[in-house]
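Here are the chains, one letter per residue:
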Amino acid sequence: MATVNQTEQAHQISVSILRQGAYLIASIHAALDDEELGRFQRDLIRQITKSRSRGVIIDVGALDVLDSFGSCTLRNLALMARLQGAVTVIVGIQPDVAFAMVHLGIHLEDVHTALGLEEGLARLDELTGAGGARSARGSA
Amino acid sequence: MEHSEDRSQHSPSSEDPETSIEHDQLLPELVAHLRDSRTELRQEWANRITEASLLSSMTPQEVFSEATTVYDNYVGVLETGSVEALQKYAQDLSERIIPRGVETHEVLGIVLFLRDVLARSLFEKYHKDFSLLNRILDAYEPAANRIANTVAVSFVQERERVIRQQQDAIRELSTPVLQVRERLLILPIIGVLDTQRAQQLTQQLLSAIRRHRAKVVVVDITGVADVDVAAATHLVQTVDASRLMGAGIIITGLSSEIAQTLVHIGVDLSKMNTVGDLQGGIEEAERLLGFAVRRVADGDRQPD
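Chains as they are written, first to last, in this note's numbering: chain P, 1 to 140; chain A, 1 to 304.
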């Protein structure tokens, strides 16, 4: 039992899922192994259903590498989220990571991307048609 | 004298314990001969250079003064067997003459001329004693070949250094990423889009996107003469990588020829946003970013 607790703790440290209005913001703080990625995927989908979110931001800014399995998980996440009625935007892909991904043939074609958290939120507003104060500040 | 000569192709400084004393004295004798007839031989050499119209970019005085130094260096190498001084001189000479358009074949040609002129004079002097002539040439030829080799290699190395330097300079200059408005960058590409350059360009663009927090980038390829499969693939990769970072790319300046080529070779450009020229690209980018550019003189001037 202690082992499960420990891994769960480690998982909680490396990933955080925060709620911001109708959106969920999931940040990955450290590299995840395949198992942790799977758990992250389940947790996030569950959260989307529970909080009836309309948009999800996944921040991968802390990652130095995004391999094919990680990219595939992110893509599947976005597709699942769409089935739950939420749009996903991946933010914070580093220049080196983007370069490496393209060379590996990973394009994440059907996933929205943005530079950082702020741009991601603006993009979600655009995609979900949520007007208001936030989108006004986007391109001033 | 530490110099000896066996009949192999080895350099003159390789020691051979069985060499006779007579052998040891061949090179000094040779050097003494070349020193004595310095004036005529040098003149003869300069004449050969002029006849062959080599070094046409230099004045006769310059040719003569360089010839003098080369001659003395040449004899010096024969005497000491050490090419270091000559190497240094050849490098220095190359540095001076390369910017004036002196070609490799000219440099090699004049060194070989000197070798021939000196060999002729040895023939003339020793032709009565055939075996002595043979031994003299045995001593002379490897040393002379080594000198020709040294000069040619120094020249080519210097040229390559200059070429590398210029390539670096071109590379540095040729990929400016410029910000024209908030969140809008332009990247004019000029010249050839090869693999190495395309990678460097993509990396520079990606870090510029992060640095300027850009949302749209206009890539202008008016200055790219030809686009082949590799270059088109690089463009697609650049677009994909930028999109992963959340920036859209607008490609402008595709000439009609390039458009035909791209369709012909079957590159999938459906994901690319292309606009005819740079002006149109910037207008499209402004539209995407929500900028509206108006002429102030049109009447409805506003106090903003």
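A portion of the hints provided could be inaccurate.
On the chain A side, residues computed to face chain P include the following (Cβ under 8 Å) [as the list claims (entries may be wrong)]:
{"no.": "1", "residue": "34"}
{"no.": "2", "residue": "125"}
{"no.": "3", "residue": "128"}
{"no.": "4", "residue": "206"}
{"no.": "5", "residue": "243"}
Cβ pair distances, simulated, as ranges [to be verified]:
{"no.": "6", "chain 1": "P", "residue 1": "68", "chain 2": "A", "residue 2": "178", "range": "26 to 36 Å"}
{"no.": "7", "chain 1": "P", "residue 1": "13", "chain 2": "A", "residue 2": "271", "range": "49 to 59 Å"}
{"no.": "8", "chain 1": "P", "residue 1": "62", "chain 2": "A", "residue 2": "199", "range": "17 to 27 Å"}
{"no.": "9", "chain 1": "A", "residue 1": "101", "chain 2": "P", "residue 2": "62", "range": "17 to 27 Å"}
{"no.": "10", "chain 1": "A", "residue 1": "199", "chain 2": "P", "residue 2": "84", "range": "33 to 43 Å"}
{"no.": "11", "chain 1": "P", "residue 1": "96", "chain 2": "A", "residue 2": "233", "range": "36 to 46 Å"}
{"no.": "12", "chain 1": "P", "residue 1": "129", "chain 2": "A", "residue 2": "279", "range": "27 to 37 Å"}
{"no.": "13", "chain 1": "P", "residue 1": "76", "chain 2": "A", "residue 2": "288", "range": "40 to 50 Å"}
None of these hints come from the bench; they were simulated from the model. The beta carbon of each residue, even a glycine, is placed where N, CA and C say it ideally should be.
**OP:** Of all the hints given earlier, name the ones this structure violates by number, lowest first.
**Re:** 1, 2, 3, 7, 9, 11 and 13
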